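Heads up: the sequence lines are chains A and B, in that order.
Position 11 of the first sequence, counted from 1, bears residue number 11 in this note's numbering, the numbering being contiguous throughout.
Position 66 of the second sequence, counted from 1, bears residue number 1066 in this note's numbering, the numbering being contiguous throughout.
Keep in mind the hints are simulated off the structure, nothing from the lab.
Worth double-checking, as some hints may not be accurate.
[As the list claims (entries may be wrong)] Here are the simulated DSS-like pairs of lysine-lysine, each with C-alpha atoms no more than 25 Å apart in a straight line:
| hint | chain 1 | residue 1 | chain 2 | residue 2 |
| --- | --- | --- | --- | --- |
| 1 | B | K1112 | B | K1158 |
| 2 | B | K1203 | B | K1158 |
| 3 | B | K1073 | B | K1158 |
| 4 | A | K188 | B | K1073 |
| 5 | B | K1158 | B | K1186 |
| 6 | A | K94 | B | K1073 |
| 7 | B | K1023 | B | K1010 |
| 8 | B | K1073 | B | K1023 |
| 9 | A | K173 | B | K1112 |
| 10 | B | K1010 | B | K1072 |
| 11 | B | K1158 | A | K188 |
| 12 | B | K1158 | B | K1175 |
| 13 | A | K94 | B | K1072 |
| 14 | B | K1175 | B | K1203 |
| 15 | B | K1158 | B | K1072 |
| 16 | B | K1072 | B | K1023 |
| 17 | B | K1072 | A | K188 |
| 18 | B | K1010 | B | K1073 |
Quick caveat: nothing in here was measured; it's all calculated off a predicted structure.
Residues per chain, in single letters:
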Amino acid sequence: MDAIFWQQMVNGLTLGAVYGLIAIGYTMVYGIIGMINFAHGEVYMVSAYLAAIAIALLGFFGIHSFPLVILGTLIFTIVVTGVYGFAIERIAYKPLRNSTRLAPLISAIGMSLILQNYVQLSQGARQQGIPTLLEGSLRLHIGDDFVQLTYTKVFILVAAVLGMLALTFIIQKTRLGRMCRATQQDRKMAQILGINTDRVISYVFIIGAAMAGLAGVLITLNYGTFDFYAGFIIGIKAFTAAVLGGIGSLPGAMLGGLILGIAEAQFSGMVNTDYKDVFSFSLLVLILIFRPQGLLGRPQVTKV
Amino acid sequence: MSAGPLMEFKNVDVFYGQIHALKRVSLHIDEGETVSLIGANGAGKSTLLMSIFGQPRAASGQILYRGADISKKSAHYVASNGIAQSPEGRRVFPDMTVEENLLMGTIPIGMKHADEDKQRMFELFPRLQERRNQRAMTMSGGEQQMLAIARALMSRPKLLLLDEPSLGLAPIVVKQIFATLRELAKSGMTIFLVEQNANHALKLSDRAYVMVTGEIRMTGTGSELLGNEEVRNAYLGGH
Ligand SMILES: Nc1ncnc2c1ncn2[C@@H]1O[C@H](COP(=O)(O)OP(=O)(O)OP(=O)(O)O)[C@@H](O)[C@H]1O
Ligand SMILES: [Mg+2]
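One chain only, chain B, in its complex shape (with noise of 0.2 Å):
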């Protein structure tokens, strides 16, 4: 394995028709480290997550993960090569039960350790372990986040990919969601967070990106963010 990023953008642009909705986007991340990307609404960090699954695709640059370039590659190669995403709108399954919806995060990796890592997730969550036999559809808004990083979780990710995981939550279930990655970052995964909450975001980051309307605008490390007057009155209330 080469010692660069385990991610890196390169120049990529990505279209939606006419909309230019990613320009000339170049970031990494490197093995180990906590990255957070922030910025207001529409301004294109969601098509950034969706873009490493191709989906919608770069129309130029390059998406290099260990090295290689995958902007050309199926979703489903990206997923069994060790990312996984818990996406914008949590899209669970809605008429699978909790159970089978961890079951899908399984994939990759087989079922090996589905029965370990599935009580793992209900100590990380036991709201879903209460509601294991139910219907994702019928589960609250909040339980459905849940669910969705869970899910994402059960592939053991070398790279976890997260928009918006605090989403809907109660402040509590937030505070808890981020100890609960504040852990993961310590046993050496790898995440890339996408938040609103840039607040608890950078807290937790070891580095960040701010995005203006498709270009990356501003990075830096969380608390350089943090402490940086433009960041404070755009993303933080400023306080």
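In isolation and in its complexed conformation, chain A is listed as follows (with noise of 0.2 Å):
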């Protein structure tokens, strides 16, 4: 294998390991009330602003320094994007609970552009950008060639594995947790166990959008800039790892997030990158004609 390979593999990586922690959010609403949150995007989009927000906040302070930056910008983003969460789904979702399947996801598509042209009437349709917090990298031989490694790169990586380890063990060791997976389960059967299933899906929302905002906070150190359409994109992207790994299930959301992320980087190194969002469009459609149910999804069963 040559350098390339072992580069592109690097960058799939950490791009995919963002795809899984986007994905997140909308495996675990469509887990809990079957619908595919399409605002989901916006959610990240609107933290990569919070971000930026939070590191200019930081700078006019006068700190500079990087785990100080890096740790105030992470909780501002993650604390903010997920009450954006709960918002939305009060919102646009929440009055919607007991209608046709149809109405939220038009709510979710009216929320998505409500949140694009906010975002863009209050900060400016121009690109925005974040200065470089973390320079430097490792350089890793490969025999005369090598690869490449940022810092921001490591950084990435480590902040994506521990925020879903982080959700792992919140979903499968606490209370909370336990509630999350009674109510999708059964949300008639948590509710008579007294469980208020309105409150669990507000947490799940809140979540979802946490775990965005961490996307938006690495994405953006990574690429420095963004603009108020960066959620159409990646969400879609996100989407695509959710439905590749499996809606509704969180291994399989990482996992979509990295084969997707690794996938695409491969097709940029190989072929083209020009290509490389067709190339992910077009697995999303190769998915969902061959294994709607994706990798560790369950073939659909009509609940009661």
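Both chains are given apart, each in its own frame, so use the hints to dock them into the complex.
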């Protein structure tokens, strides 16, 4: 294997980890209320702006050391993005809980447009950016060639994996996690056992948005630029990852993200960068045709 | 607290669309009593139990619990006030382990008695202990039934609602379950029981109601109904 392959592997893993983080929001919301939250990409986009605002604010107060800046940015972004997730569910989906399946879907598209326009109006249509926070890189030599591993990418990978581990722990081992799973598996029974399922659904939106917030900080660290339309492509990519892994499945979302990230990076390295989005969406179409339940999902069963 | 019944239905009507499933149902359950509800398939027994949790909601009438009308309250409010149900169809959480399913029963009271109560359930149903880490969906029907009953008991309910607890269980396990219920009743728990197995149910119960197509047709003590000709013919196989 040559250096390009390994370089694209590194790029793909970082990208894929971030897709996985965003895919978590799609898959958890689908799992619990059976709808695709098409505004989720916009939540990620908003979080990129929040990250930039946090970095600017911290800079304004004279805080420039990387650990402090990143910690402050992560906390601020994740918390405020979580609030966005909560508010979106309350405003756009909760009132439609008992209506037809199509209604919240349309509401999601509306919410997505509102968020785009709100950010465009308040922040401007120009591309925005943040300064590079973490300089330097590792070089791993392979023969005469080398693979460049920037510290930023190392940080992204570590942070994304930690985020996923924390989430897995919450879902598998805590009371809140059990309440989420119970609500997903049989909402009415969960209510009969004393679970306030409306509140659990709110938590799921908050958790999904918080993960998108983490992703927003990480991608912004890596690319440095974004605009009000940034949520669209990334949103569909993460959705593809969720479908690839099996929508509704948490490990599936993470796995689907990694596979999609790596596949896309290898395609860019070996074939063509311009067509990488086409490649990803072709992948989505192929999954939907040949394995609609995804890698780790179960075939659709109608719930009673 | 008032001296009235623990739970009371007053002229409750329930509809599924056009279907009039409960027709002006009135009944009561006193504190500490074991009361059973018997009736043919489709009589409305499960509907009555579920209507306590507002699923479906009563269209008219009152459902009083400790004197307060709960017919418009949310299901989780009802559960958190001390009513637990082992529902028709068991409805254990398929993707959770036996132990996790038991823990779901503790939502109304928190985790403070969880370990102690779990051990108690394992003594009651040793099979659950053997299978504690098995996912519920892979348990046999009878094992799931035991799990559903144990899960309901985990909340230390004041009022325990059981919808056909003997369904699908071997005769020896049925006996064991009824022995368990008798002990629970003796310890002061109020039990409201829906049963096809009318013989067992009536022997266990202080009182019983007979339901026919959504209406309460007859009521009396367990032994009165056991001796009643009509009941014997309709629900006890005429023996
Ligand atoms: N979700 C529903 N939608 C429409 N009709 C329903 C629904 N659930 C129950 N019914 C109807 O209401 C009536 C009462 O049903 P219910 O399940 O309460 O009977 P049951 O006494 O529990 O019967 P079984 O002994 O067979 O469990 C039946 O005629 C049934 O067909
Ligand atoms: Mg029934």
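Each hint tested on the structure:
Using a Cα cut-off of 25 Å, the hinted pair B:K1112 and B:K1158 holds, with the two alpha carbons roughly 17 Å apart. For the suggested pair B:K1203 and B:K1158, the alpha carbons sit about 22 Å apart, so the restraint of at most 25 Å is met. Note on B:K1073 and B:K1158: the hinted pairing holds, with a Cα-Cα distance of about 18 Å set against a maximum of 25 Å. At roughly 14 Å between alpha-carbon atoms, A:K188 and B:K1073 fall within 25 Å of each other, so this suggested pair holds.
For the proposed pair B:K1158 and B:K1186, the alpha carbon gap of about 13 Å is at most 25 Å, so the pair holds. Proposed proximity of A:K94 and B:K1073 is supported: the alpha carbons are some 18 Å apart, at most 25 Å. About 11 Å separates the Cα atoms of B:K1023 and B:K1010, which keeps this hinted pair within 25 Å; it holds. Between B:K1073 and B:K1023, the direct Cα distance comes to roughly 21 Å. Compliance with the 25 Å bound is thereby established for this hinted pair.
At most 25 Å may separate the alpha-carbon atoms for a hinted pair to count; A:K173 and B:K1112 meet this at roughly 17 Å. In summary, the hint linking B:K1010 to B:K1072 is supported, as the alpha carbons are separated by about 14 Å, within the 25 Å threshold. Between the alpha carbons of B:K1158 and A:K188 the distance comes to roughly 21 Å, so the proposed pair stays at or under 25 Å and holds. About 23 Å separates the Cα atoms of B:K1158 and B:K1175, which keeps this hinted pair within 25 Å; it holds.
The suggested pairing of A:K94 with B:K1072 holds, with an alpha-carbon distance near 19 Å, which does not exceed 25 Å. A threshold of 25 Å between alpha carbons decides the hint, and for B:K1175 with B:K1203 the separation of about 12 Å falls inside it, so the pair holds. Straight-line distance between C-alpha atoms of B:K1158 and B:K1072 comes to about 20 Å, which keeps the hinted pair within the 25 Å bound. Annotation: proposed proximity of B:K1072 to B:K1023 holds, straight-line Cα distance about 18 Å (limit 25 Å).
For a cut-off of 25 Å, the pair hint linking B:K1072 to A:K188 stands: about 16 Å separates their Cα positions. Restraint check: the Cα-Cα separation between B:K1010 and B:K1073 comes to about 16 Å, which is no more than 25 Å; the hinted pair holds.
When held up to the earlier numbered hints, the structure conflicts with none and fits them all.
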